[in-house]
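2 protein chains.
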Amino acid sequence: MERERTRLPPSRRFLPNSGGQATWPPGFSWFGTDPDCREHGGLIPPIQMSACDTCIVRNRAICAGLEDPEIAALSTMGRRRAVTAGEPLIWEDDASLLVANVIEGVLKLTTSTADGREQIVGVAYPSDFIGRPFGQTSAASVVALTDARVCVFSRNDFDRYAREHPELEHKLLERTLAELDRTRAWMMLLGRKNASEKIATFLLDMSERLAETGCAPHPGPAKRFTLPFSRQQVADVLGLTIETVSRQLTKLKSDGVVALPTRRDVEILDRGALVTLAG
Amino acid sequence: MERERTRLPPSRRFLPNSGGQATWPPGFSWFGTDPDCREHGGLIPPIQMSACDTCIVRNRAICAGLEDPEIAALSTMGRRRAVTAGEPLIWEDDASLLVANVIEGVLKLTTSTADGREQIVGVAYPSDFIGRPFGQTSAASVVALTDARVCVFSRNDFDRYAREHPELEHKLLERTLAELDRTRAWMMLLGRKNASEKIATFLLDMSERLAETGCAPHPGPAKRFTLPFSRQQVADVLGLTIETVSRQLTKLKSDGVVALPTRRDVEILDRGALVTLAG
DNA sequence: CGCCGCATTTGATTTCAATCAAGGATTGCG
DNA sequence: CGCAATCCTTGATTGAAATCAAATGCGGCG
Chain A
171 MERERTRLPP
181 SRRFLPNSGG
191 QATWPPGFSW
201 FGTDPDCREH
211 GGLIPPIQMS
221 ACDTCIVRNR
231 AICAGLEDPE
241 IAALSTMGRR
251 RAVTAGEPLI
261 WEDDASLLVA
271 NVIEGVLKLT
281 TSTADGREQI
291 VGVAYPSDFI
301 GRPFGQTSAA
311 SVVALTDARV
321 CVFSRNDFDR
331 YAREHPELEH
341 KLLERTLAEL
351 DRTRAWMMLL
361 GRKNASEKIA
371 TFLLDMSERL
381 AETGCAPHPG
391 PAKRFTLPFS
401 RQQVADVLGL
411 TIETVSRQLT
421 KLKSDGVVAL
431 PTRRDVEILD
441 RGALVTLAG
Chain B
171 MERERTRLPP
181 SRRFLPNSGG
191 QATWPPGFSW
201 FGTDPDCREH
211 GGLIPPIQMS
221 ACDTCIVRNR
231 AICAGLEDPE
241 IAALSTMGRR
251 RAVTAGEPLI
261 WEDDASLLVA
271 NVIEGVLKLT
281 TSTADGREQI
291 VGVAYPSDFI
301 GRPFGQTSAA
311 SVVALTDARV
321 CVFSRNDFDR
331 YAREHPELEH
341 KLLERTLAEL
351 DRTRAWMMLL
361 GRKNASEKIA
371 TFLLDMSERL
381 AETGCAPHPG
391 PAKRFTLPFS
401 RQQVADVLGL
411 TIETVSRQLT
421 KLKSDGVVAL
431 PTRRDVEILD
441 RGALVTLAG
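Each protein sequence line maps, in turn, to chains A and B.
Just so we're aligned: the first sequence equals residues 171 to 449 in this note's numbering.
Just so we're aligned: the second sequence equals residues 171 to 449 in this note's numbering.
Among these hints, one or two may not hold up.
Since the list gives no way to pick one copy over another, a pair counts as held whenever it fits inside one copy or between any two copies.
Capping the alpha-carbon separation at 20 Å, the derived lysine to aspartate or glutamate pairs in EDC-like fashion look like this [to be verified]:
| no. | residue 1 | residue 2 |
| --- | --- | --- |
| 1 | Lys421 | Asp435 |
| 2 | Lys341 | Glu237 |
| 3 | Lys341 | Asp238 |
| 4 | Lys393 | Glu437 |
| 5 | Lys341 | Asp327 |
| 6 | Lys341 | Asp329 |
| 7 | Lys341 | Asp351 |
| 8 | Lys423 | Asp440 |
Worth flagging that the hints you see were computed from the coordinates, not collected in a lab.
As the structure is a computational prediction, the values presented were derived from the model and not from experiment.
Hey, can you work out the whole structure from these sequences and the hints?
In structure tokens:
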């Protein structure tokens, strides 16, 4: 999709993988390709077979720790859905009709002005919860950045179920509080950091978020990773223009702080320098 | 406090009402001065007399709707505390030791960089909940903007109590989700709006937030209100400098959009113009 | 393999807000 | 009442990032 710097409101048509929205690199997996890397390992599935039993985020999403009958109940309410890169799942200001768990892939949460400026206000990774429970409308759009799979629930069903299951609500509360902390840290970046600090902070954040596979006990920040963002999307995360993002990255490359083997790949050569720059 | 644009980290000493931190204007009340304006009106207090029974935010804070024995239990855990303007209640990155309900007054939530730049990431009004439950550290400092009264709980006590009272956790979840929505809307402002749009959005937001007395059924946005912020603090909310805030306000005044009778008072003369400017 | 479409980079220029620097206006206090 | 402190406003200048404009080169496809 040609990035609009025009003043046109973003249309709602779905352009499947339009305009070079990169599909996820072949062979890449958010969970690693090691077949042993399964959190519920070789355990025999419980009595009732359901999609949840084989769910790769089963032990990290809000479903984690629920008893089998509860999982079974949830399982009947939810359904798997594939979302291709660039495809929207939820629209800003629309009635909040569905909520979901991310199983695989990455999605962006965005808000837009009437004249088409966009700000990415959140990024959802596997096991993250998306959507607005207990509310009439959604404050942000949710659009897939990569091909993704999600486990969707009707918001009404979910709300009702959650109110009857305090343990689930508690997990949701913990997640929401953590997300609020992250969001507030990002406000500092948007309001008070300059372009080079923003880029450095962003790269460090990415190296941490993209390393969280949930498999290795503590993988630590990734030294090398593949961005789920185009340059324009990086700009939309940081409140910058695409040109400024490009120039800052070029500078980091020529200073030997990072290597940029492809458009989407980043290798951190001097983490210390990034930490210093991040302020 | 002389606003630091120096690169010194903010010190932690408490400067009571220092540097012209305005105390709340005499006679001003966040709840209106009409004596009939009490949400539980002339009802006879229940059996057990406690501070909660006369609490002015009793029916708006997360305590609302709790049964009497539960209120009694909470009441024994919490204690009232006065916080004078400029006084900190919680420090960024410190262990999360306490949480609180705001009874009266306004507090700011801030994050700071090592070199002393500050961003206000939230504002707490009466009936709002502050602090970080279910977490080890607090991501933001909390400092009173005006003389304030809060109802404080030990975080440990609160966490334990909340986990046993799903209804309380549900209220906290609803609040946290709403706060996350507001925060994300503010990210759009910080990342994508220009100075004049920021100021217009800010004034409209203030006129709504400061009108919420909880007394009149639907008071609507206030036409005239008193800012709980100094110019520097407005700048810290909007990610601007004090000079830019001043210039933008002067412009709105000379354009006849607002009147600024005192440093802290704002009267909106042309709401439509503000809405247009807010974008 | 070579071409085409776009995303990205790079360069030139502009502009908006930050910075630097005084000069007023409130407020509180002696 | 007058002074001091400091908050706020206003002006001049700078500067960082946006904008405008044009190459460049990657990636997909025939």
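Outcome of the hint check:
Taking CA atoms no more than 20 Å apart as the test, Lys421 paired with Asp435 passes inside one copy only; the shortest distance there is 16 Å, against 46 Å between copies. Only within a single protomer do Lys341 and Glu237 lie at most 20 Å apart by alpha-carbon distance; the minimum there is 14 Å, versus 24 Å between protomers. For a Cα distance limit of 20 Å, the shortest separation of Lys341 from Asp238 inside one copy, 17 Å, qualifies, whereas the shortest one across copies, 27 Å, does not. Taking the shortest alpha-carbon separations for Lys393 and Glu437, only the intra-copy value of 6 Å comes in at or below 20 Å, while the best inter-copy value is 54 Å.
Taking the shortest Cα distances, Lys341 and Asp327 sit within 20 Å of each other both inside one copy (17 Å) and across copies (19 Å). Taking identical chains as interchangeable, the C-alpha atoms of Lys341 and Asp329 lie at most 20 Å apart whether they share a chain (14 Å) or sit on different chains (13 Å). In this homomeric assembly, Lys341 and Asp351 come within 20 Å of each other (Cα to Cα) both inside a single copy, at 16 Å, and across copies, at 19 Å. Proximity of Lys423 and Asp440 under a CA criterion of 20 Å is satisfied intra-copy only: 11 Å inside one chain copy versus 50 Å between copies.
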